[in-house]
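Protein chains in written order, with the numbering used here: chain A, 7 to 176; chain B, 7 to 176.
It is possible that some hints are incorrect.
Which copy? The list can't say, so a pair holds if one copy fits it or any two copies do.
Stated by the list, open to error - Using 27 Å as the maximum straight-line C-alpha spacing, the simulated DSSO-like pairs for lysine-lysine come out as follows: (1) Lys73 <-> Lys114; (2) Lys85 <-> Lys166; (3) Lys146 <-> Lys166; (4) Lys33 <-> Lys15.
These are calculated hints, taken from the structure and not from any lab test.
Protein chains: 2
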Amino acid sequence: MQRHVDIDKAIERKYPEQVVLVTSRGKDGKPNVMAVGWICVASGEPIMFILGIDEDSHTFELIRETKEFVVAYPHEFMKDETLIAGSCHGDEVDKIAKAGLNTQSAKKVKAPLLSDAVANFECEMIDIIKPGDCALVIGKVVAAHVNTDPLLKRLCTVDKGHELAGVRPI
Amino acid sequence: MQRHVDIDKAIERKYPEQVVLVTSRGKDGKPNVMAVGWICVASGEPIMFILGIDEDSHTFELIRETKEFVVAYPHEFMKDETLIAGSCHGDEVDKIAKAGLNTQSAKKVKAPLLSDAVANFECEMIDIIKPGDCALVIGKVVAAHVNTDPLLKRLCTVDKGHELAGVRPI
Chain A
7 MQRHVDIDKA
17 IERKYPEQVV
27 LVTSRGKDGK
37 PNVMAVGWIC
47 VASGEPIMFI
57 LGIDEDSHTF
67 ELIRETKEFV
77 VAYPHEFMKD
87 ETLIAGSCHG
97 DEVDKIAKAG
107 LNTQSAKKVK
117 APLLSDAVAN
127 FECEMIDIIK
137 PGDCALVIGK
147 VVAAHVNTDP
157 LLKRLCTVDK
167 GHELAGVRPI
Chain B
7 MQRHVDIDKA
17 IERKYPEQVV
27 LVTSRGKDGK
37 PNVMAVGWIC
47 VASGEPIMFI
57 LGIDEDSHTF
67 ELIRETKEFV
77 VAYPHEFMKD
87 ETLIAGSCHG
97 DEVDKIAKAG
107 LNTQSAKKVK
117 APLLSDAVAN
127 FECEMIDIIK
137 PGDCALVIGK
147 VVAAHVNTDP
157 LLKRLCTVDK
167 GHELAGVRPI
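Can you make the complete structure from the sequences, with help from the hints?
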């Protein structure tokens, strides 16, 4: 049976929620990374993602500048790296270095791949919309990569307060 | 270390992915339900969702007609109901009856709430965009409800082939 509650209270039941790391690289060559929780597939053929990216973030600035980014799925033990990527500002700190993330070159975009991620998707930005209070960036996947370890699992947000963990089916 | 692979192969690493049930009700009074995997939060204030809804689906037709729908989070033991909602066509079958879903009236929209869901979000459609091969419906949440059992957990898609299960943090 359902009980009517405040919307903000009900949305707390959304977990587990996917979390991704988004890399970008400015025209000055400096790479950046941020954590994004609002993301889903937006098209099947071609594969696209839609992502909520704060307009005040350095990542948003770099994506708008370069029209390119990479979506990486952090693996289940990359909690600390993901929290660092999500909790400081990329125009003040080299977050990739601070988080100790290993990178490698992408195939079609200048933003770096995260070597330890479960998978990386190189994206070309095709649009930005803003239906509410957050910019939604739409990217078309132009190349993809997976970790050479096929057993690695994704990291998820499992509860409010940025509680991150791997999950297993019951 | 990353290995370059086909995009379709890499996207198989996306699981676990959230799954929701979307209810709608035609102007003839008949309710419908479908399963949706491409969904994420699209705004924080007000809360909005963006959902990939097949344009050939009966749900898409009803949402376009009524500009209203409900997003329900199925609980982890609603696997069979979710598979039925996702595998037949609502203009041919009463999927709510076929799946044995219990419903109750919503507060602000005519689409029904799913009584056994973890939570229900009443939505007003505010836009439809189509960046790729799938229509993306954007809905603003106008009322919300949670199950009176606070311990119920969401159902997730845990692997390809519509493999559904509850999950637990490791």
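From the Cα coordinates, with 27 Å as the cut-off, is the pair lysine 85 and lysine 166 best called within, between, both, or neither?
both (14 Å within a copy, 25 Å between copies)
State whether the alpha carbon distance between lysine 73 and lysine 114 is at most 27 Å within one copy, between copies, both, or neither.
within (12 Å within a copy, 40 Å between copies)
When Cα atoms must be at most 27 Å apart, do lysine 146 and lysine 166 count as within-copy, between-copy, both, or neither?
between (30 Å within a copy, 21 Å between copies)
Which holds for lysine 33 with lysine 15 at a C-alpha limit of 27 Å: within a copy, between copies, both or neither?
neither (42 Å within a copy, 31 Å between copies)
Hint 4 from the list above is the single one not met by this structure.
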